[in-house]
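**Student:** Residues per chain, in single letters:
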Amino acid sequence: MSTRWLAAGTLALLGPVALGAGLLVRGGTVWTGTGEALEGGAVLIRDGKVAAVGRDVTAPQGVRTIDVTGKHVCPGFVDPHSSLGLPTWEMDETVEAVAAEMPVDAAVWMDRPEVRDAVSSGVTTLVLAPGGANLLVGPCPALKLGPSPVLKAEAAIKVTVGPSALLWDRKPTSLPALLDMLRGALSDTEGPVGRLVAGGAIAQVACDGLADAERALGLIDGLHLKAALLLGGAPSRAVDLLAGRDLPVVLPSLALTPRDKFLVGPGQLAGRGVKVAFASFAPATQEADLRTSAALAVGAGMSPAAALRALTLGGAEAGGVADRVGSLEIGKDGDLVVAAREPLDLSGAIELVVVDGEIIYERVPQ
Amino acid sequence: MVRASRCAAVIALAAAWVAGTGAQDAPVREKIAVKAGKIIPISGPDIENGIIVIQDGRIAAVGKDLEVPWDANVIDAADKVVMPGYVEAHTSSGMGTPNERVLEVPFVSAKDGVDPKSVFMEDSLRDGVTTMLAIPGNDTLLGGTGVAIKTFGLTVEELLVRDYTGLKISLQPRGDSSRMAHLARFRKYMADLDRYLGEYADRKADAEAAKKPFDEELDPQKQPMIDLKNGLLSAFVYCPEASDVVKAFELADEYKLKIVPVLGPRCYKAAGLLARRGLPAILDSALVVWETNEDTETEEMKVVPKIMADAGVKFALQRDPNNYETRYLWMAAARCVAYGISREEALKSVTLYPAEIIGLADRVGSLEVGKDANLLILTGDPLDAQTWVDQVLIEGKVCYRRAEDERLKRLLEERKPPPEEKPPGDEAKPPEGGEAPAEGAPADKEKPPAGKAEP
Amino acid sequence: MSRMAAGVLAVGVTALACAGPASAADVLAVKAAHIITMVGPPLDGGTVLIRDGKVVRIGRDFAIPEGAALIEVEGGTVMPGLIDANAMFAFRGEPNEESEEITPDFEVLQAIDRDSPDLKRAVQLGITTLRVAPGNANVIAGSGAVIKSCGPSLESVLVKEGGQLKVVMGNDSTGGNATPRSGRPTSFYYRQPTTRMGVVWLLRQALFRVKTALGKGEALTPSDTAIAEALKGKLPVEISLRSAVDVETAFEVMDEFGLRRLVLVGCPEGYKLSREIARRGVPVILGPLYAYPRTWREASEAPDVSLNSAGLLAQAGVKVALGSGDGGGPVDLLAWVVLTHRYGLPREAALAAVTTNAADILGVADRVGSLAPGKDADLVILTGDPLQATSRVDKVIVNGRVAYDAQSGASAHGEG
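Protein chains in written order, with my numbering: chain Z, 1 to 366; chain C, 367 to 821; chain P, 822 to 1237.
Keep in mind that the hints were calculated from the coordinates and are not lab data. Quick reminder that beta carbons are idealized off the backbone N, C-alpha and C, glycines included. It is possible that some hints are incorrect.
[As the list claims (entries may be wrong)] Covered stretches of chain C (in silico footprint by chain P; criterion: 3 or more residues with CB under 8 Å from a CB of chain P, positions within the stretch not fixed):
| id | region |
| --- | --- |
| 1 | 613 to 624 |
| 2 | 663 to 669 |
| 3 | 701 to 707 |
Excised from the complex, chain Z in its bound form (with noise of 0.2 Å):
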């Protein structure tokens, strides 16, 4: 697996910067997405890790300085569902319903331009995920826009509660034999999709609408699965089921859609207490529409702490990698985003994309 993503990975990049000894970010606010926004704030980046974040922090020797005074840094986004380089015909492998030992990323096309693409949309991690056409595919990788690409080869199993796992000659037809199915593979421990539970991968349960969210929470009680839930349909119908639980909520791109009860969705979600994220089920919407839908989420009431939180934190711990990612914070992988603004502020352009300490894009003006 990992070949194939270093080769495509390096394909992508825009002549990454390696820069081993380090790396000083300094002078614009810093949103570190666990706190308030530190202004004249600096984060400093030594072997691929975040050293040291604050006001003081001063470049050690041989560290290369950058100064974005006026600008503004955060975590790099992290998409925790997305199908980026997966061509649209070959999102979901059929042949079998439950697919533990399917290799999501064997079909992953990286010369393509969406993932070149994707590098500019301040998108640094994503779970790489297929269609929803099976009960259960998996392992999912985290992958890294950047030149080691595997944070994590074995992040998530996809499991699907609806009926666009149900084909019409294929075991299940119905939704009762495919939960049957579902709590048959998740709950057989000796089997693949046990050994993977039991590595940590985390279930990303996609559902859609009420009905199926409720019966994917029941899934998921019911099992005691380390889990997120991929809400389809309106949010704003799901809060109150959802209020109260500790379970990341996973929102597709709200670019696919402007009625309100989208939009106020992850904001009334997040009021209650839920852990919401953003994905953009790419090839649904593209990496660059994240931001847009946390953007558009600010203009619907949620609080731009909240959203930016979103389109890191929440899109780590739904990827099962928030204690890699989804936060500048000591010991964090360096991930980083310079925007010329306010993170949400779209007229403000992406500047520069750190991962792992080194550059993958930055923003030569036209």
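Got chain Z; can you put chains C and P on it based on the hints?
**Tutor:** For chains C and P alone, coordinates are given in the frame of chain Z:
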């Protein structure tokens, strides 16, 4: 005594009609007086204990304190309600296949498709529909011409009230065709027709100039469209969607057509348009349509006749004989009342308004002097679900009597003699109580299922 | 309380709807000119008092508690919410597990979409309770579930899980099985059966297998357990069928395997055997109703319907309920009540067919089907008599909350 014997004669005559023994001949010459407990004339206020005098198949008088002519046969309906027969302004039922498969067949006539002996015709009479416009269905562009018929007669000729009434134009694209192509096809037909008529006029002028004989006859296949163009026929334009109503108006203006919109169930959104144009419309038999409000994710019930009435659109109701809930015009009218439309308007929408729409308001749709004596004698109020049509008079003749309706009896009663009661103690007695027979019973004593095979 | 104030409160209740959090309006008084309780004679004028979703009192001479929301419909009739005893809609995905023909442990509850547009329509037609049944594609199709048409959560809408073993006779389960369908490499077609004979063969084979296993005391698979329950008489067997011939076959199977609890479903030709059905004490869930066959299955299996099927069955002593069946969505059950009554089903029986009889047959009479203290507060308020087509549904109350109000057009399903 004279009256009684005459009355008996009428009944005997009526029985003969019901039995269908004789062909219909000229209208009955006698006078008939119907003594009604209540008359609902539609055209005016209800009359308690009124009298309707019929002469030569037409209504000669309607009123409360009328003198019964000494020589009239009297139908005593003193405990019944009398109203005009229901009129349906549009139906394609009872014709077997209601459409040709070709898009442009303006020259076919529903007259050749109507089956006087169809169950539909029989049901129509039984349910009190006395007049209807049979017209080709909605599956082709230029579907053909309609025919106004009554619902009693052995042959189509006997059914005829007025031949050559209305031409069906359907704006429903066929198959995978598009609306663009569909309308373009109509316009092409009209352009071709113009060219044909232009050439015809040229040839005629040339012939006249040369003083040569000229064959005046127009292409009979084009005749209905020529009549449509000249305003001699109305176009019954089927509009499946509200946007098609706009198209129908455009075509009407463009080609100076007289149109009657025949609306699909979702056309309620065109109510304002119809009102502004002052056009009456024929509604679909589905009076309620559901619309999903995408924002609230609720289902909104749209009551089409109520929306039309509120907008000020006159409408006629239709049946769908294949649907259990929409088989009756009385029930459609009753549903309108349920949804808040006045009783008067509801009754007009199944009598006078459809009569107006098909241009027969001078003959049917209400009980007025001079109109055809199409009468329903009902056991009660027309909108009461327990009311039955007791007798139907069409053009002064009793065409239907419930007492002699054998099929209705069969429809309501058992078809086949009940199976004989088995003697008590028979093994088919319902198993009751006790432990399950299956439990503890040795398996080898069980009879295996006949024809059982290993899968 | 003045009428205007009452109106305002009523609107408030509507806005809150049957979803949403509990509110101060947990006490609701419904006043109407006529109250049909289905347990006693109809009341001329009275009030139904509702507290916490249950009926607490019905009558004329009691004071309405302070603070209660009041709904008053002048000249209106209150009756128990309608029950669709055999609904086959509101599914997510297919209502059958078609990878096998015999799926006794299939629970349709897991396929129900309680948020479906069909249920949102049903509630506006006065239907407050539905027994949703599995589809007709399998010989033994599994069990259904009784749900409310409206509610804020899965728990609040569920009335009863399972409760029957659905068997499908006739040609429904043979469709498409005769020729291999072109499919993907893993396609499970061929499926059996392909004929009506084959249907009965598969049914008897399954019953025989479990009966034999029971006799030998062998361990049962989860799938066989449901059949065993039916053989023991603990679970009623519901046979969905059309033709009179299939009714006779059903009775033969009933006798052969000693099935004690049978329900006939669909059954358009059952009227031909009404006395035999009555003699066996077998109830019938009629529907869909039709005057003339509309599908080729109806035309081939039961072309010969009586308009008065329900009346003839009831007259013979059969307990009759109405169910929309495979019509593809909710039907106007009240229109069916009006017409079955017109064709000969007595008034009381016509009302019972969508209330008490349905509740009895489905085993949920302790909660729904009638208005009495302790029962679920599921009410329909009509503008007039339920047996007249000139009446319409004005308000619907489910579990004590206004789920639909024709005046405001509001329906509760928007909240969730």
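**Student:** The structure should be examined with respect to each hint, and the outcome stated for every one.
**Tutor:** Tested hints:
no., hint, result
1, 613 to 624, "violated (count 0)"
2, 663 to 669, "holds (count 5)"
3, 701 to 707, "holds (count 4)"
Violation of the numbered hints given earlier is confined to hint 1; every other hint is satisfied by the structure.
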